[in-house]
Every structure is written in C-alpha cells, then in structure tokens.
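Undergrad: Could you put together the complete structure from these sequences and hints?
FYI, this note's numbering numbers position 174 of the sequence shown as 174, with every residue one higher than the one before it.
Hints may be right or wrong, so weigh each one.
Stated by the list, open to error - List of simulated lysine-lysine pairs, PhoX-like, C-alpha gap at most 20 Å: (1) 240 - 250; (2) 184 - 139; (3) 184 - 80.
As the list claims (entries may be wrong) - Restraint-style ranges between C-beta atoms, simulated for each label pair: (4) 204 - 102: 38 to 46 Å; (5) 239 - 108: 39 to 47 Å; (6) 247 - 144: 36 to 44 Å; (7) 103 - 184: 35 to 43 Å; (8) 163 - 193: 28 to 36 Å; (9) 98 - 160: 18 to 26 Å; (10) 254 - 187: 47 to 55 Å; (11) 195 - 293: 30 to 38 Å.
The set of hints was computed from the structure by calculation and includes no laboratory data.
Quick reminder that beta carbons are idealized off the backbone N, C-alpha and C, glycines included.
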Amino acid sequence: MQTQCMPCLVWSFPSSLPCAHSGGCPEPLRHSRPHPKKETDALSLSSHSRRRRQIKVEYDEKDGVTPVKTEHWEPPDWKKQIGYIREMRSGRDAPVDNMGAEKCYDTGAPAHVRRFQVLVSLMLSSQTKDQVTAAAMQKLRAHGCTVENILATDDDTLGKLIHPVGFWRTKVKYLKLTSAMLQKEFGGDIPDSVEGLVRLPGVGPKMAHLAMDIAWDQVSGIGVDTHVHRISNRLGWLKKPTKNPEETRKALEQWLPRELWSEINWLLVGFGQQVCLPINPLCSVCLNQHSCPSAHKNSPAKRPKAGSPTSPFKTKTEPEQDSTVYNRRTKKEPLSTPISPTIQKRRLKSKVNH
Numbered sequence: 001m002q003t004q005c006m007p008c009l010v011w012s013f014p015s016s017l018p019c020a021h022s023g024g025c026p027e028p029l030r031h032s033r034p035h036p037k038k039e040t041d042a043l044s045l046s047s048h049s050r051r052r053r054q055i056k057v058e059y060d061e062k063d064g065v066t067p068v069k070t071e072h073w074e075p076p077d078w079k080k081q082i083g084y085i086r087e088m089r090s091g092r093d094a095p096v097d098n099m100g101a102e103k104c105y106d107t108g109a110p111a112h113v114r115r116f117q118v119l120v121s122l123m124l125s126s127q128t129k130d131q132v133t134a135a136a137m138q139k140l141r142a143h144g145c146t147v148e149n150i151l152a153t154d155d156d157t158l159g160k161l162i163h164p165v166g167f168w169r170t171k172v173k174y175l176k177l178t179s180a181m182l183q184k185e186f187g188g189d190i191p192d193s194v195e196g197l198v199r200l201p202g203v204g205p206k207m208a209h210l211a212m213d214i215a216w217d218q219v220s221g222i223g224v225d226t227h228v229h230r231i232s233n234r235l236g237w238l239k240k241p242t243k244n245p246e247e248t249r250k251a252l253e254q255w256l257p258r259e260l261w262s263e264i265n266w267l268l269v270g271f272g273q274q275v276c277l278p279i280n281p282l283c284s285v286c287l288n289q290h291s292c293p294s295a296h297k298n299s300p301a302k303r304p305k306a307g308s309p310t311s312p313f314k315t316k317t318e319p320e321q322d323s324t325v326y327n328r329r330t331k332k333e334p335l336s337t338p339i340s341p342t343i344q345k346r347r348l349k350s351k352v353n354h
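TA: Okay, here's the thing in structure tokens:
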C-alpha cells in the first residue's frame, strides 16, 4: 500500500507543486495545510446551527433582487366575521350541538370505552347527518359499543344496528378491522396520536384531529369537514381557493391562532347547518353579509328554517335573483298575436299573385 513520504508529512507545499520524492504521493494524500481540530469544527457547527434555528424570518429569493421579508398573511375581516358567527351560534341549537361526536358516548363508561365510542361516532358520521349518526350510536350503545362486542357481532347484525348511515356496508367492514387492530396493538384503547389514528381503517385526518381533541383533550390540528371547507372558501379565509378539506386544513393552520383550532370546527359546522347551507345559503339573515365576498350569490328570498338564528336584517329578494328571473322571461319566445280572417285572406291573395 502506497503511503505519503516522511518529509512530506513534516512540510506543507502548495498543491500545484509536485512531490519531490520518487513516485510522488498518492492522490488522496495531497499536501495541504493542517485541518483544525475536530472539537473546534463541532463547536463551530453547533453554534452556527443554533443561530440558524433562531432565524424565523422567511424571504423571497430571486436572482438579482434584494431579499424582501414575506408578510404574515391573514384575511382582512376574519376577527369581525368570527365574532358575528359566535353571535349567530350563541343559541347552540344546531344538530351538531346536541348530536355531534361530543354527545354520542356513554359518560358512565370507562375512559377507554368512551374514547372508543367517540372514534366510532366519528367513523359513522362521514357523509351522514348528525341525526342519523346519533340514532345509530344509540342503538350501538344499547347493544354494547365496545371493542370486544363489535368483534363478537356478526356483520349482518352490525349492519342493521348502524343502518341507514351513509355507506353502512363499508363502515361495517371498517369497524371490524379497526376493532381488531385496537385489540391487538393498543389493548382495546384508541391511539393517542394522529399518526396512530390515521393508520386505522376508515379514519382520515379530520377524524383523527377531532378524536385527539374530544377523546384525548389535545389540540393536534383543525378538524375540517365539508362545512368548514365550504365556509372557509366562501368567506375568503384562504390565501387561494382549495379543492378539498385537507388543503383547507393546511391553509387555515398557517394563519389561524392555535387557541381557536378547537373552536372553529364547532362554530363553522353549526353555522353551515343553519345559515351557510351548501345549496341556497341564507345570506339575507347572515350578519356577515356585508363583508363576505360570496354573499348573495346564491341566497334565496326566504326566512330560515326553525332553529336557525334570528337576524335584524329584513329578508328581501336579491338583485341577482331578480335579474335571473328577468333573463329567463326575455329568453322565452314571444306570444303569437291572433290574426283576423281578413288579413289571412289578403296574405293568401298576395301569395297567389306572386
């Protein structure tokens, strides 16, 4: 094995000068200045890393352009809007208030059973109204909503218990698979982390964050369902429109203060059930009608249903609705005018003469 010659270990020459000794030195051992001690390098790197971790300001970097500090984005009127939503939700009379996941578990059951029932109610609530979910949970609790009982119940019986929740056949399969996984890996309890919860069959990010909040009393993220997704886009609470609830969750968490993450789901779900409906939202009775960029675009001229919050604003026909009716009328074919017999005879004679 070829090694560096002894004189070259003593003296350091510029890298451009060849070794004066026969055969030269191997390529990996070219002459250079001695390196600093490893301890010094580690200390320097550590202090440099600490300094970088403390830097939280982000910059837009472009070639030839001086770095500019990026401002923290937030919707202009969100504080006023959320205050109005709290006012409209003060009655706590929406379906989610009485039949949501927080109301569907047995308060007298052991802690691990309560947590399991919270998770089950969240799994059943997907694409299902709260009234239907609450009825199914009532039947399940009467049957025995525990990991052991779910596993001991045959699929047909379990299907009858949860019917008519949306996609009940698929949810029967998910309940069985999840219960088996909980029994095998978690001792019959539910995972205490989002990562563990989303591993369960039929459990997505929304359910995981809500389960962490309700079952474990830990705020891990915003639970975004169709209501939160829809209303956030309508109010302009996102820097750019989002296509699905998961995109909305990430966008909201970038600017919404963390102390509001738990409250925002409850606020917007009930608001979406009563006022900001998926189809024909009741903008005329919404306190945010003057600041919402989507107000009056699809609002009907009618009073809200029973249980919806009252409003000081009078219901009126929206201008866009009036124009829609007018456009429909103008598109219709004009009515034919009755023609007298004399005019008909004259037209026939003129056709014959020509």
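Undergrad: Taking the hints in turn, state whether each one holds.
TA: These are the hints, each one checked on the structure:
| no. | hint | in the structure |
| --- | --- | --- |
| 1 | 240 - 250 | holds (12 Å) |
| 2 | 184 - 139 | violated (26 Å) |
| 3 | 184 - 80 | violated (49 Å) |
| 4 | 204 - 102: 38 to 46 Å | violated (19 Å) |
| 5 | 239 - 108: 39 to 47 Å | holds (46 Å) |
| 6 | 247 - 144: 36 to 44 Å | holds (39 Å) |
| 7 | 103 - 184: 35 to 43 Å | violated (30 Å) |
| 8 | 163 - 193: 28 to 36 Å | holds (32 Å) |
| 9 | 98 - 160: 18 to 26 Å | holds (25 Å) |
| 10 | 254 - 187: 47 to 55 Å | violated (37 Å) |
| 11 | 195 - 293: 30 to 38 Å | holds (36 Å) |
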